[in-house]
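Asks: So in the UniProt record's numbering, the last one in the sequence shown is 379, and the numbering has no gaps at all.
Just so you know, the hints here were simulated from the structure itself, not pulled from any lab data.
Check the hints yourself; a few may be wrong.
[Unchecked claim] Cross-link-like lysine-lysine pairs, in silico, DSSO-like; alpha carbons within 30 Å at most:
| # | residue 1 | residue 2 |
| --- | --- | --- |
| 1 | K266 | K125 |
| 2 | K266 | K240 |
| 3 | K263 | K353 |
| 4 | K336 | K263 |
Treat the numbers as computed from the prediction; the structure is a model and nothing was measured.
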Amino acid sequence: MDSPIVVTGFEEPKKITGLSRIHPVLVKEVMGLFIRPLFTSHVISEDEMVTRLLALLDAVGMRSVDITFIRINSKGACAKVGLSSVVAEDYAIQTQMDRNYLQHLYDLSQITDCVDLLRIDRLEKFIHLEASDIKPKKCATPPECHEPRSPTKMTTPRPPRVHLVKKTSTPKIHPCGCPQTPHYILGEGLGSENRHFIYLWMETSWRDLEGFSEDVGVNVCGFLNSGGGVMCVGVEGYGKVSGTLFSEQQQRQVSGWMSEVVKRIKPGIGEDEYSLRFVSVFELTAEQGEKGKGGAPGAKQAAGSRQAPGAKQAPPSGAEFERRDTGRRVLEICVKPSEPVTYPENLYSYCDKLYLRRDGSTMEIKPETTEMVCKRKKK
1 MDSPIVVTGF EEPKKITGLS RIHPVLVKEV MGLFIRPLFT SHVISEDEMV TRLLALLDAV
61 GMRSVDITFI RINSKGACAK VGLSSVVAED YAIQTQMDRN YLQHLYDLSQ ITDCVDLLRI
121 DRLEKFIHLE ASDIKPKKCA TPPECHEPRS PTKMTTPRPP RVHLVKKTST PKIHPCGCPQ
181 TPHYILGEGL GSENRHFIYL WMETSWRDLE GFSEDVGVNV CGFLNSGGGV MCVGVEGYGK
241 VSGTLFSEQQ QRQVSGWMSE VVKRIKPGIG EDEYSLRFVS VFELTAEQGE KGKGGAPGAK
301 QAAGSRQAPG AKQAPPSGAE FERRDTGRRV LEICVKPSEP VTYPENLYSY CDKLYLRRDG
361 STMEIKPETT EMVCKRKKK
């Protein structure tokens with residue numbers, strides 16, 4: 001987990017705030033992405049561009065363990081992104097081919113003034129290019145393409161995942177909006193729990209969920225007293241998506257079960273203060289249709305998912321990825337942000353006990369601690 005993310009310009013190193021280990025390297029790898037055209041330097045700084053590229057890579061499922069370097073060329077308005085495995089490269093290339101799907105994951109107008117011309121190619125074709133070899137393309141689309149999107153038109157990105165390689169503090173995840181996750185990928189890594197994000201894992205469905213009533217109630221109470229948050233039921237404790245089998249009847253029963261859980265919270269909360277969503281879990285497969293490239297025509301093999309690229313046999317270059325619904329679901333329990341009006345009377349309690357979220361855990365507040373918390377909140 002100590003492999004560095006290296007960020008440099010094409011000609012000289014650029015230090016980017018927030019990355020733990022930054023130094024120039026001699027690029028030898030050929031696995032990765034070549035992205036162009038980006039905003040030029042007079043529109044946006046290289047530091048900010050790297051931040052936005054990391055957000056794009058995160059949205060399409062690239063963890064920091066997948067990324068070996070990022071190099072920005074302001075003059076050529078392009079970037080080289082090194083990846084650690086063929087699986088990660090193939091997945092990223094396949095994802096960007098469906099431009100509408102990519103736009104749903106990340107608002108591309110954040111990195112380019114012409115979304116229609118944005119190209120993401122394999123790095124091996126461009127690894128030896130220097131700054132002087134690249135001329136940024138001019139956008140031939142109407143002027144309205146250059147205008148930033150209005151908030152009503154912007155797509156909602158997936159909840160951000162934690163980059164485990166970077167030595168950062170607990171990440172700041174905006175308290176639930178609530179997230180409109182389009183789907184999860186079986187085996188993908190969502191990162192660590194934090195103040196506004198928690199995972200609950202159960203192997204089967206309804207019986208286990210009923211047994212989780214106290215855990216859910218305690219965490220809902222903690223979120224209510226700490227600015228909101230999201231529980232993902234069907235994700236293992238270290239952030240690996242496995243999903244849980246819920247029949248349609250059980251999905252309908254969950255709403256009633258949740259109502260019973262929140263009845264134990266005082267003062268009472270309404271149904272508009274939390275939401276429940278069942279999100280599909282897909283499995284990625286790589287379909288290969290030519291002989292002599294590792295399998296029979298039409299044979300499918302697992303792509304190794306986004307959680308650990310390279311953990312399984314890498315699909316051959318040019319493989320086409322397919323998404324298959326596993327029938328499993330991740331239940332997102334979203335607690336919307338709320339601020340008690342008076343203290344300590346309006347702090348929320350579950351079964352007469354007060355709870356707060358701190359970093360990645362929910363802790364009970366003792367009476368003496370409550371007074372200190374209330375004084376701090378009043379300031």
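Asks: What are the numbers of the hints the structure violates, in ascending order?
Replies: Hints 1, 2 not satisfied by this model.
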